[in-house]
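Peer 1: Let the hints inform the model, and build the full structure from the sequences given.
Number of protein chains: 2
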Amino acid sequence: MTSTLGFAILAVLARGERTGYDLAAAMRTPVGYFWTAGHSQIHAELQKLRADGLVGFEAEHGPGPQGKKVYHLTADGLAALRAWVTEPPRARPERDELVLKTYASWLAEPGLLRRLFADQLAMHEERLAGYEREEAAFGGPPPPGDPRFGNYATLWCGLGYERHRVEWCRWMLERLSSAGA
Amino acid sequence: MTSTLGFAILAVLARGERTGYDLAAAMRTPVGYFWTAGHSQIHAELQKLRADGLVGFEAEHGPGPQGKKVYHLTADGLAALRAWVTEPPRARPERDELVLKTYASWLAEPGLLRRLFADQLAMHEERLAGYEREEAAFGGPPPPGDPRFGNYATLWCGLGYERHRVEWCRWMLERLSSAGA
DNA sequence: TCCCACTATGTCAGTTCTGACATAGTCTGA
DNA sequence: TCAGACTATGTCAGAACTGACATAGTGGGA
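For the protein sequence lines, the chains are A and B, in the order given. For what it's worth, full-length UniProt numbering labels the leading residue of the first sequence as 1, then goes sequentially. For what it's worth, full-length UniProt numbering labels the leading residue of the second sequence as 1, then goes sequentially.
Check the hints yourself; a few may be wrong.
[What the hints assert, rightly or not] Covered, in the sense of this in silico footprint (three residues per stretch, anywhere, with C-beta under 8 Å from a C-beta of chain A), are these stretches of chain B:
| no. | stretch |
| --- | --- |
| 1 | 76-84 |
| 2 | 108-119 |
[To be verified] Here are some chain B residues the structure puts well away from chain A; computed CB gaps all over 10 Å:
| no. | residue |
| --- | --- |
| 3 | 2 |
| 4 | 94 |
| 5 | 148 |
Note that these hints are calculated values from the structure, not bench results. No experiment lies behind these values; they were computed from the predicted model shown. Cβ coordinates follow ideal geometry from the N, Cα and C atoms, glycine included.
Peer 2: Here it is as structure tokens:
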């Protein structure tokens with residue numbers, strides 16, 4: 001029973017071998033528009049994946065009390081990942097704290113609420129600008145079948161999401177402003 | 001240390017008193033475009049909220065081994081909710097299984113992948129149509145300060161999200177089709 | 001009259017996730 | 001040469017969440 005986090009790790013390893021540290025860095029915030037995890041979770045999951053024979057590693061000399069482990073996909077791991085990709089995803093959790101705050105926003109002081117959405121708008125605009133720079137660097141979509149297609153398609157999803165978010169924040173600010181000081 | 005789920009419960013109770021069962025129904029899928037929770041979580045959280053003095057209840061005769069408990073916000077609960085609303089939300093978890101599958105999609109069989117996105121497209125179109133019907137039933141945005149403003153604003157967010165999702169699924173299907181059979 | 005769906009509350013085991021703690025080698029620049 | 005940032009692996013306690021189990025009254029229809 002591999003968890004979704006397990007498949008996230010397999011998906012990154014399918015691009016090439018990496019250490020647990022590299023995986024944690026890849027799944028931290030910056031470009032990770034698909035899944036996040038702390039390093040403590042990743043090391044634990046790698047041990048499970050290894051017990052299931054989906055990944056293997058080679059020990060190398062390096063920093064840390066236990067040296068360095070470079071993980072790679074096994075044939076079983078690749079097969080499991082391939083089978084998982086086209087299965088329908090389980091229902092989205094749909095847990096969005098800003099939307100929940102919005103649901104309760106009729107209780108809030110208008111000034112503080114405008115401040116909240118102005119900050120969120122700035123954050124999403126910044127993120128959108130970053131994604132647009134990344135998209136420009138691509139110079140057009142790679143063909144499906146190319147690993148970079150995965151990166152490009154998730155970036156495209158991120159772009160659409162941030163645009164939607166920016167639009168919604170602006171709509172909220174308009175609504176909040178037209179209702180007086 | 002009230003959890004986000006706790007605030008979700010407070011936000012629903014701010015509209016009026018409800019039983020745990022009603023809360024669970026409100027936080028199940030249908031209209032819940034903001035937060036979800038199972039009834040087992042809700043009963044446990046209600047007990048915590050009560051220990052913290054943020055909610056109270058009146059026991060009534062009714063079904064079940066323990067009868068019926070109608071919960072309501074206390075003054076402390078309302079104050080806590082009000083203070084929380086305008087605080088910046090903690091970072092979005094950003095855990096989207098479909099996007100993760102997309103990241104690994106270069107490994108998939110094209111036919112199965114098109115099927116996956118066609119199904120997702122149909123689901124989002126259906127959801128969008130439902131939200132559009134709800135929006136039409138509103139007949140324009142209520143003013144901020146009205147509890148229904150919270151509902152309308154979250155619905156607006158849901159509309160934008162589903163439109164973004166529909167667009168992205170269509171874009172994916174185009175990319176996947178132009179690459180041959 | 002009996003069955004079933006619905007209302008209603010709760011526990012529990014197991015999984016997932018977060019944040020803190022712990023350890024230690026490498027490399028760069030002041 | 002020494003400090004500090006970065007690489008690198010791991011444990012652990014506690015919170016959050018899921019799904020199954022358990023119990024029982026109410027109300028409607030066959």
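Peer 1: Each hint should be assessed against the structure and marked as holding or not.
Peer 2: Hint check:
1. 76-84: With 4 residues closer than 8 Å to chain A, the stretch 76-84 of chain B meets the three-residue bar; holds.
2. 108-119: The restraint on the stretch 108-119 of chain B holds, since 8 of its residues have a Cβ under 8 Å from chain A and three suffice.
3. 2: holds (13 Å)
4. 94: violated (6 Å)
5. 148: Residue 148 (chain B) is in fact no farther than 10 Å from some Cβ atom of chain A, at 8 Å.
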